[in-house]
Amino acid sequence: MSKKVVVLGEAREGALRNVSFEAIAAAKKISGGGEVVGVLLGDAVQSLAEEMIHYGADRVVTVEHPHLKLYTSDAFSQAFMAVYEQEKPEAIVFGHTALGKDLSPKIASKLASGLISDVTAIEGEGDAAVFIRPIFSGKAFEKVKNKDGLLFITVRPNNIAPLEHDAGRTGGVAALAVDVTNLRTIISEVIRKSTEGVDLSEAKVVVAGGRGVKSAEGFEPLQELATLLGGAIGASRGACDADYCDYSLQIGQTGKVVTPDLYIAAGISGAIQHMAGMSNSKVIVAINKDSEANIFKVADYGIVGDLFEVIPMMIEEIKKIKTN
Amino acid sequence: MNIYVLVKRTFDTEEKITVSNGKISEDGAEFIINPYDEYAIEEAIQVRDANDGEVTVITIGGEDAEKQLRTALAMGADKAVLIDTEDDLDEMDEFTSAKIIAEYLKDKEVDLILAGNVAIDGGSGQVGPRVAELLGINYVTTITNLEINGTSVKIIRDVEGDSETIETSLPLLVTAQQGLNEPRYPSLPGIMKAKKKPLEKLELDDLDLEEDDVEAKTQTIEIYLPPQKAAGRILEGEVANQVIELVNLLKNEAKVI
Ligand SMILES: Cc1cc2nc3c(=O)[nH]c(=O)nc-3n(C[C@H](O)[C@H](O)[C@H](O)COP(=O)(O)OP(=O)(O)OC[C@H]3O[C@@H](n4cnc5c(N)ncnc54)[C@H](O)[C@@H]3O)c2cc1C
Ligand SMILES: Cc1cc2nc3c(=O)[nH]c(=O)nc-3n(C[C@H](O)[C@H](O)[C@H](O)COP(=O)(O)OP(=O)(O)OC[C@H]3O[C@@H](n4cnc5c(N)ncnc54)[C@H](O)[C@@H]3O)c2cc1C
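As you go down the protein sequences, you meet chains A and B in turn. For the first sequence, our numbering gives the first residue as 1, with consecutive numbering after it. For the second sequence, our numbering gives the first residue as 1, with consecutive numbering after it.
Since the hints were derived computationally from the structure, they do not count as laboratory data. Incorrect hints may appear among the rest.
[What the hints assert, rightly or not] Label-pair ranges, simulated between beta-carbon atoms:
#1 190(A) with 151(B): 22 to 32 Å
#2 308(A) with 151(B): 51 to 61 Å
#3 170(A) with 170(B): 46 to 56 Å
#4 147(A) with 224(B): 17 to 27 Å
#5 324(A) with 26(B): 52 to 62 Å
#6 127(A) with 222(B): 17 to 27 Å
#7 241(A) with 170(B): 26 to 36 Å
#8 193(B) with 216(A): 53 to 63 Å
#9 170(B) with 168(A): 51 to 61 Å
#10 168(A) with 182(B): 50 to 60 Å
#11 53(B) with 88(A): 43 to 53 Å
#12 121(A) with 18(B): 15 to 25 Å
#13 216(A) with 23(B): 23 to 33 Å
#14 127(A) with 190(B): 31 to 41 Å
[Claimed, not checked] Okay, derived cross-link-like pairs now, EDC-like style, lysine to aspartate or glutamate, Cα gap no bigger than 16 Å in a straight line:
#15 193(A) with 162(B)
#16 143(A) with 121(B)
#17 256(A) with 121(B)
#18 143(A) with 91(B)
Note that beta-carbon positions come from the ideal geometry of N, C-alpha and C, so glycine has one too.
Chain B on its own, in the form it takes in the complex (with noise of 0.2 Å):
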């Protein structure tokens, strides 16, 4: 089976956001897998392990985003490949992403691709289905149960807290959603496995695709910060008192009750 996985480097979670020259600030960050991607990754390992065939990652990122790809690597994925757009893009938004991507995918024989249902920075949810629509396939979001039996495939997705039984078919696009699986750490072996795996550079040159092509639909204009709350009030005196002082305080002064 042939199953390629989405990949995001996004800031640690544990990270506070700085803005600096209209940019946010990377100096000293840490950076991650996104975190739905891992479930993502993990997933197709399991996948594969279960059915045979080959794991792919997919990346579009700077040169730094290598070591994200190593990590994926490292957990058990066969393959990686970085598309970098550094050279050829001062400007990126959903459409260009899935655009690259779609067009790194089209000639293969994709049977599954697995993507995270959000990145948690730039929060769109929008690269998984676009990308599937590109490729003419279905796909299914926020998935915490996969299936995969032949080509039929049963899924279990979550949505907005009720879960949904579907079935259908490869080839297919699912993303990830918390729950759908606990996501391995790599292990020592892994990660010195990971160094000779396979790891493929390409530019929008080798996909033939123009700056043009994937030029941004949608442009950011500013980033901010948003305004620092003030600190609040902690209550005092008895327990009981400061229920009826915070019941009256809801009701009364923040009248949200």
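Chain A with its partners taken away, still in its complex shape (with noise of 0.2 Å):
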């Protein structure tokens, strides 16, 4: 049977996130041929609409309120709730973000549903439709299907390919007017650490230090790799305890699990709890002095060298490559 499917799209500094359009390519898996609906929730979302139908979207349901500008659990689940109502879906689909992370349990317990959290991977269509998770971060996988009822489940970032950009597609966009009161919680303060543009859980690149980088000021050179190629910078947990980064770049089994094309481990040994949170990256170039180090067990490519050298050395090379 055909399902009809909700997405929430997000956006992140005016555009969506591309983990957005990843779910809207889940969505339409699991639709089985059914519609899929867009949500947008936020204080000025309607001119992204558009964007979600070119990547898959049938229509998009917006509700715009100055309490959507900042995330709030109390003011999304208002909203989503009431867009959940019009729709009443038989499947419901978020990107495992901070966001989705946040809101999917409180839907999901006010549903009485099922959420299967992070898929990384959909077997299957339409009712048939399995759903691939990493469980001990990542050291194994499990399959998890829906019994009965609504299905809902939030995606990975990076792991379920985007369908393929169609500015000629069209559909309807509708608003949605929800009042949105009684907020528990105010956001007082946002700092953003964050600096460089890329997000280190959908960054397509990560060039992580360990304890080797052995001081803040020696992450420049690695931040200095990541921007070139696009990408986002990581640490391992020995890096972050020697505080010369923020614990939000600690990657690993107690910090966030990345699944890039590249991995770039410069000076980091391949703890068991490191690996976890990103041995399955599609390629990873391993960069330590020491030759028995662990992390070069899943390399595919390793260096044995000073990351001080070899890391301005990548940085010239691609340098070179990129004017060609």
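Work from the hints to combine the two standalone chains into their complex.
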């Protein structure tokens, strides 16, 4: 049977995040030919609706309200539930982002539904769809299916390929008025620490440093390399514990789990807890002084050497091929 | 102040994971308190010490989870509750866990609940917010700082690297992110005292729950290990040449730059 699927789109700095397009692709798959309805919640999101349609949504419902400018679970759940009541979908897809992780369990709880979080792949279509998700931080995987009732999933960024962008696709965009009230939280300040624009969990390239980077300044060449490749920097807990960088950059079992196309590990030994967070990256490069370092066991390409020598050379070499 | 901490027993992060008979093998594995729950316990103890009150740690698990509860008591929690579902339930999911925990908490006078933001095994991050919603209280996830003044609460939370300052009030559920605090190790006197602290054991019956009330909404049909990666290539020769080769490989073989 075909399903009507609602997909929550998410904007960051005025543009839709890639994960929203990936979520539409996931929705298409589980819809089994049913309708895919995009949802946008914010203070000014109308202009983003077309883009969801270009990526495969059949139509889009927007809710605009000043209280939706910044995410709070109260405001967003009220707005989303109003859309839910109007659309009565058979399935819901969110991105497994900070927002999606925070909001989805609340919605699932309100709807007394299951929730399959952090899906990295979908097998089968429509009612037969089975969802693959990492457990034990990627040390193992499980296949999960919904029993019956509403199907609700969140998809991990960077894992499900978006559909081809088609600027010719058209669909309806309708605004829904929702009264957002009784907010129990006030956000009094937001400090953006992620200075470079690329979000670590969505980055196609991650350049990560460990204790071998030796200081906060030591991260500068890594940042330069990351910027050059349009990627983000990450770190081991060793580097975070030593105060070379913020904990928000930590990758691993108690940090972020990333699956970029390219992961460059510099001065990281490759502890099991670190590898849990990055071993499913598509291509791994390790740079380490110690040829016995564990990280070489998961690396596709390894250079045994001093990162302070290797990274600047890489920057030069990549600049060369970029200008050619 | 009435403080509750949700604690899950998980595999030690050092453990390699193996699968046998379609299940994660527990043979010989070491178990710990989910690392994020350690931050939650530490924070609860600090809040109690600053405000008075009582810290109760709760876990759903089998008999073996008593060990993790005793560790929490040794760190300084006052009471523990073990909700043992082993005899009643074959299958559980996040809906099940949250429903059971909320059922236990619903008639308690809860001021503050602390949980981990995610369990490093199941990894869904659902249980905290689900419990809050079932109890009808507010929640804030992935917090790195907590200040309580009477019933007003000021929180800093980590949002994908950015930090948000949030003002809210009790009753409240928060989930701990790394950086919240430095969890203490249980002291020897703490371990001795923990043996005498109350540890209540409950089953579904005691909570007036039927199996049907908590029946899982999702079903795991297979568990498997990721494919082993073939050994990679360690480049050789002059470092400068290795770098040229590496960039060439990334561009032309792996096609990632
Ligand atoms: C409960 C728990 C959870 C944990 N969670 C995480 C987690 O989420 N993420 C995580 O990363 N860790 C985690 N850890 C910590 C983990 O066990 C390791 O301690 C940590 O990953 C080590 O960081 P590192 O590789 O940077 O440091 P080290 O192990 O000290 O390695 C430094 C490496 O740098 C190399 N090096 C030094 N100088 C240079 C140079 N000039 N050029 C090239 N190489 C150089 C050295 O050869 C060495 O291999 C956790 C631990 C526990 C107990
Ligand atoms: C005895 C037992 C039997 C199980 N049987 C099955 C099964 O048959 N099939 C299956 O798929 N899964 C099973 N599970 C796994 C279980 O469904 C999930 O682990 C659980 O729903 C929590 O999800 P999570 O691990 O993603 O936790 P998350 O939602 O990521 O955890 C976040 C936080 O919630 C709290 N929390 C989570 N779990 C517990 C808990 N058990 N007790 C107290 N606090 C908790 C902690 O503070 C934790 O940091 C079982 C778990 C237990 C304990």
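How the hints compare with the structure:
A C-beta distance of roughly 24 Å is found between residue 190(A) and residue 151(B), which places it inside the suggested range of 22 to 32 Å. About 52 Å separates the C-beta atoms of residue 308(A) and residue 151(B), a value consistent with the hinted range of 51 to 61 Å. The hinted window of 46 to 56 Å between residue 170(A) and residue 170(B) holds, with their beta carbons roughly 50 Å apart. Distance hint for residue 147(A) and residue 224(B): a CB-CB separation of about 21 Å, consistent with the stated range 17 to 27 Å.
With their beta carbons about 55 Å apart, residue 324(A) and residue 26(B) fall inside the hinted range of 52 to 62 Å. Separated by about 18 Å at the C-beta atoms, residue 127(A) and residue 222(B) satisfy the suggested range of 17 to 27 Å. Remark: the range hint 26 to 36 Å for residue 241(A) to residue 170(B) is upheld by a beta-carbon distance near 32 Å. The given range of 53 to 63 Å is broken by residue 193(B) and residue 216(A), whose C-beta atoms sit roughly 42 Å from each other.
A beta carbon spacing of about 54 Å between residue 170(B) and residue 168(A) agrees with the range 51 to 61 Å that was offered as a hint. For the pair residue 168(A) and residue 182(B), the beta carbons lie near 56 Å from each other, so the given range of 50 to 60 Å is met. Our hint of 43 to 53 Å for residue 53(B) and residue 88(A) holds, since their Cβ atoms are close to 44 Å apart. Separated by about 22 Å at the C-beta atoms, residue 121(A) and residue 18(B) satisfy the suggested range of 15 to 25 Å.
Distance hint check: the CB atoms of residue 216(A) and residue 23(B) are about 44 Å apart, inconsistent with the given range 23 to 33 Å. About 53 Å separates the C-beta atoms of residue 127(A) and residue 190(B), a value inconsistent with the hinted range of 31 to 41 Å. A distance of roughly 5 Å separates the Cα atoms of residue 193(A) and residue 162(B); the hinted pair therefore holds under the 16 Å criterion. Taken as a hint, the residue 143(A) and residue 121(B) pair is honoured in the structure, with Cα atoms around 15 Å apart against an allowance of 16 Å.
At most 16 Å may separate the alpha-carbon atoms for a hinted pair to count; residue 256(A) and residue 121(B) meet this at roughly 14 Å. Our distance criterion of 16 Å between C-alpha atoms is met by residue 143(A) and residue 91(B), whose separation comes to about 15 Å.
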